[in-house]
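Q: Could you slot chain G onto chain B? The hints should help.
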Amino acid sequence: MDPECSRLLPALCAVLVDPRQPVADDTCLEKLLDWFKTVTEAGPSLLLLQENPCLVELLFRVLKAHDPRPRVLSFSLRLAGLFAAQEDCFQYLQVTPSSSVSQQGELLPMLFGESGPLGGAAWTAPTVRSGWLQGLRSLAQHPGALRFLADCGAVDTIFSLQGDSSLFVASAAGQLLVHILALAMRGPAEGHPSPQGCDWPACAQKIVCHVEDSLRSTATLQVTQALNVLTTTFGHCHSPWTQGLWVRLSPLVACLLEKDPIPASHSLVDLLLSVARSPVGSSDCGLWETLAQTLSHLSPTQAGPLALGILKLQDCPQALKTQAFGVLLQPLACVLKAAAQAPGPPGFPEGATGDSITVDTFLSSKSACVGLLCQALAHLELLQLLPQRPSPWPQAPLLRAAVAILRFCHGSAAPTSDVGGHLCAVLAGCVRVQRAALDFLGTLSQGTGPQELVTQVFAVLLEYLTSPDSSPMVLKKAFQATLRWLLGSPKAPSCCDLDPHTQLFLGELLPVLRKRLCSPCWEARDSGLEFLTQVTRHWGGQAAFRHALLASEVPELTGQLLRDPESYVRASAVTATGQLSSWGLYATPTGPEHPEVQQESLFTELLHILSTDSEGFPRRAVMHVFTQWLKDGHADVAEDLEQFVARVLQAASQDLDWEVRAQGLELALVFLEQLLGQPGSRCPYAVALPEAAPPATLAQVLQALCRVQLFEFALRALFDCDRPVAQKSCDLLLFLKAKATPCGGPQEAGASPDVVSVEAALQRWQAGEQGQPLGELEPEAVMAVLRSMDLEGLRGMLAKSSDHMEKSPQSLLQDMLATVGVLGENEADCY
Amino acid sequence: MLDCGLDMTSTLNFLPLPLVQNPRLSNLPGWSLKDGNAFLDKELKECSGHVFVDSVPEFCLPETELIDLSTVDVILISNYHCMMALPYITEHTGFTGTVYATEPTVQIGRLLMEELVNFIERVPKAQSASLWKNKDTQRLLPSPLKDAVEVSTWRRCYTMQEVNSALSKIQLVGYSQKIELFGAVQVTPLSSGYALGSSNWIIQSHYEKVSYVSGSSLLTTHPQPMDQASLKNSDVLILTGLTQIPTANPDGMVGEFCSNLALTVRNGGNVLVPCYPSGVIYDLLECLYQYIDSAGLSSIPFYFISPVANSSLEFSQIFAEWLCHNKQTKVYLPEPPFPHAELIQTNKLKHYPSIHGDFSNDFRQPCVVFTGHPSLRFGDVVHFMELWGKSSLNTVIFTEPDFSYLEALAPYQPLAMKCIYCPIDTRLNFIQVSKLLKEVQPLHVVCPEQYTQPPPAQSHRVDLMIDCQPPAMSYRRAEVLALPFRRRYEKIEIMPELADSLVPMEIKPGISLATVSAVLHTKDNKHVLQPPPRPAQPTGGKKRKRPSDDIPDCKVLKPLLSGSIPVEQFVQTLEKHGFSDIKVEDTAKGHIVLLQEAETLIQIEEDSTHIICDNDEVLRVRLRDLVLKFLQKF
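Chains as they are written, first to last, in this note's numbering: chain B, 853 to 1683; chain G, 107 to 740.
Any given hint might turn out to be false.
[To be verified] Under the rule of at most 27 Å between Cα atoms (straight-line distance), these lysine-lysine pairs were calculated in the BS3-like manner:
#1 K456(G) x K436(G)
#2 K1218(B) x K544(G)
#3 K456(G) x K496(G)
#4 K1218(B) x K541(G)
#5 K1652(B) x K1591(B)
#6 K682(G) x K632(G)
Since the hints were derived computationally from the structure, they do not count as laboratory data.
In this text the structure is predicted, and so the values were computed from the model without any measurement.
Chain B extracted, bound-state conformation (with noise of 0.2 Å):
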């Protein structure tokens, strides 16, 4: 330990037992506890106990008290705890008396025997019996602790602490116990004991026993602590004797099954797909049999997180996967059976038949019905997703029961079924259920189907997008969605173009996205530009695409979005824009005859919206579409690149918002590699390059640099208040450094006047005085500073997080005696 700390620990224990001290808050007892744990950790506990007696006579002294405060309590109870993890300390705790003559006995005994705080008052308080449970944890290392606990009565103790009032306490006791359990298994018993117990050490014969009991019990929260108990274990460990564990306790788990209603069904659900995940899994062949009765006796909504989980299984029986598959297919087969206007199968494979108990869910009540069919879009959307979905995969029959469920939503589907009737009166305007179906059949557009659905598809996601009663959640699903297809419609047979049916279907979509440009209702807005965003992005070059475009008015409302009220909008709006330039496709009201002008005009409105919009959403957005039109070589960008990024830069600089500065520094990295040429494997930074443009010397491009001032964004973002702009700012004086040393600089630093009053600004900005210009630069003198810098060693310094000198125990120590005043120069004056 560092030796002022040493020197401190004495003065903070003693303000701990202190009952005329204020206790230092939780964070702080937790920063403690954190780095006494590094300590033990990296070296003896014994030594260091014996080095500063003063922690042993905290614990004794806090024991003593007559009245502890729980929290210093419970922090005591974990720090011995964390000592006693050693066994040479666990000993020395356990017979080492205090030094104070006043203070004699067995320490550990008193802390987390029946004589300590387990009887007194303080037990009351939840932490208290936390720390009890963390300390024990943490003692629980060595088989010296399993004779400790079996002694002090502990596991009782821990038995009763797992029904607890707080969850915390709870949840920690059900866990300690698995981990008294797998150290009492660890060793001699290690390997495959019987599964009748008569090898197995006393402690763990009793965890188990109480596990049986608990089983058994007619008391579902009993059953619960069992359960979760056997879960953490199987989840946890590994080892052979898990095995017998399984053998052992399965008949009493089938049990649970004849019951009615099963107890604790969440519960079960996790035990069993722990112990399928778990090498028991794949050994026992009652295991899968246990999963497919459970499969079929638990309720809809229960056995759908069960289905899940068996087809996330690596290795499983293709009849229990058939099985699970087809519970979580069955609230979507119901809802084919009851839209489906004449008899016939929906189209699953067996078993997914909707039968009457999914039936019965559905018409029990709204709640039932809504909640089974999300969990059951939900489930599937995650399933596709798999790479060992099942297969073949019911792609059909999926899309035609999302497009039915999304008509009940909507109220169009006309049902002949009284169940379809139900279905229809339950779903009308349900938003949740429309968003479920909205990402799963876009999570469906991964898969192909026949052109009639998909047909069908975009008929339902245009009633969507059309309808004035879609929320602004669900219209922005329905956007996500509609672009999911768009971009996963098969090219043309000519593979240049869109095929004739999408083609079809933007005809009828341009008109809906330029309503909702204009609606009153800024997501509408905002979920239209995004949307429009990404369609540009990925088809701006589609002829088809780019004809109805242009016929549709939508790039006009799009601009005229920059000026909306909302900044959000404004910010999709500047995105937006953005991308329809990049393909020219901004609209052109002054004639395709002069384009330039309308660049410009364009250019110079998102250069306004970065010097004055009051948001800082549109200002980043603006700064995101200059790096991108600079990355590609925007045509009218390139047309004066030296203006383009002398004037963005100026304005970036003076931003409040540290995201625009940052971003600032992207675009100047971007245009110094393009000047540069070819950055290095070094460079994160890489971006393709025209071909065209050769890199120039060296000396041009440190004199362009300095044309579009550069460096005074660089330097001065250097000494920036927020550490990322500075970070980055260091990154690209290096990059720029490291590009510029092997050419060898013209002049040796220091030799030019310029230079010293380079220095002289830079310290002055480094003071926090940046109203300073630093006036025309030449770039020797640039040069020769950057060479002077140590970069790297404020590279380094950056990298370090901002509080790293206030995370340093001694800080610690030292900010918790300040607050009690001990270490305060001014002792407060007593009257």
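A: Chain G only, in chain B's frame:
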């Protein structure tokens, strides 16, 4: 009588009344029967396959055959849309009762009537068609004329004089004010949240409560929110005036309205909004106030043309106490509650009584025009339909749900202008009704038959009907319905001096009884127990006796009995008193005690005891006394 609305959909069968000479309408071909008979060609004209009556528009009056309206004592008005037939009733049926309504209802109702009269009177039409109404002739006409009901009762619009006379019969009331009706019931208007001054009504006696829920809204618009709590504990809740477009969400419709308006104006087109001069227009103007800047429409003029436009806009600003909380607080700032004041100040919204006069000088396009009438059969809207109908750049946006927009547009076909249907009906939808009924829990719900089944065009939408327990009682046109409750109790007041004289006796803990001898005085359905007059002193018989002195004889009262007879103890008592051979039989209502020896039968029931013996009065009296021992007397 609850409300007296006017069915104006009848006007859709008539040709529009143009403000200026309209060659297109005047040159429409006359309609002739299939056999070529053209006797109706002066009355009926054909336009794009539809047949219209070429006459002054007529309105369908409330049912008058079923009930003699002269016997109606009171009319309760729910909102200004539900009083448009009032002049027909108060002026032409012998009605002599009182009409109750809130002040904004009367004032805005007056504006609506004034506008209607003005629209029709300013374009006088000489012709009045009546041949087509002949039942035999009507059968031969094409739909919808063929199917129109009660055409013989259709009447021309009333005059302003009749309007004034009708409105003078209205008594103004405030929310929660209790109004006694002949002592029989008390009526109370409650805020219904639908329009300025709109009300639901509570009709209650001391022991019964009937709620009449008419056009109500739970949405946050300009009027005071709906008072739901006062509707609780109703025996019967009469429910009507639900939204006419249950599938159209008003928020979504306002969004549609704004988007379509913006798109049209941006393309250089004009927007026409056929509307009433009050109601949703306030909300639309407020919405546009927030929207026009974001949509870049600040320079577009908004015109509101109605003979009552000015009054409507100004009235809305002065009815502060009838507005929602937010708007009420603005008044104290002080600011105008509605932002249309600012639109007017900044010249973004201009209002004119008609298209003639100042409007022609100020008019510039593209623009947005709000004007009436929503039926498109009369009013300034007819002019704009003719003016703008030929250009596809223009748009007509229907926001009022009262008329089928397709039927409204029929006489303007072929039409190039775009038509958008955004019905904004803020009244309760079925989900809201379900919640309301769960909340207020009436014993019975009574509603029109249409609300108890899904709309005919969407028979699978079982969510579009009233769902309550017990199922709602429905009624259809001209059906007489007996409400499921009977008046069983009346409240009687007791005079203090009489109350002082009572001597209550506690017969059970908490229950005391006293005999009362009094005179029941009933006047105006109020019942009062007064002390009986003292017996007249003998006066020597000289004075002539007046009829009022003729008081009922006060006989000596027998004590009243209470309590029940425990059969077992009674039998024991009988045995103690020497009766033997006693048999007890249980009956449905009590017991029969048989004294076989004495050939006597004692029938003990909950509310009576009979001793049946064969002419043995002594025995009867003995037995009676034994029975009385078990009862309390007072």
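Q: Now tell me if each hint is right for this structure.
A: Hint-by-hint comparison with the structure:
1. Our distance criterion of 27 Å between C-alpha atoms is met by K456(G) and K436(G), whose separation comes to about 23 Å.
2. Of the pairs offered as hints, the one joining K1218(B) and K544(G) holds, with about 16 Å between alpha carbons and a cut-off of 27 Å not exceeded.
3. For the suggested pair K456(G) and K496(G), the alpha carbons sit about 25 Å apart, so the restraint of at most 27 Å is met.
4. Annotation: proposed proximity of K1218(B) to K541(G) holds, straight-line Cα distance about 14 Å (limit 27 Å).
5. A threshold of 27 Å between alpha carbons decides the hint, and for K1652(B) with K1591(B) the separation of about 26 Å falls inside it, so the pair holds.
6. Between K682(G) and K632(G) the alpha-carbon distance is near 54 Å, which puts this suggested pair outside the 27 Å criterion.
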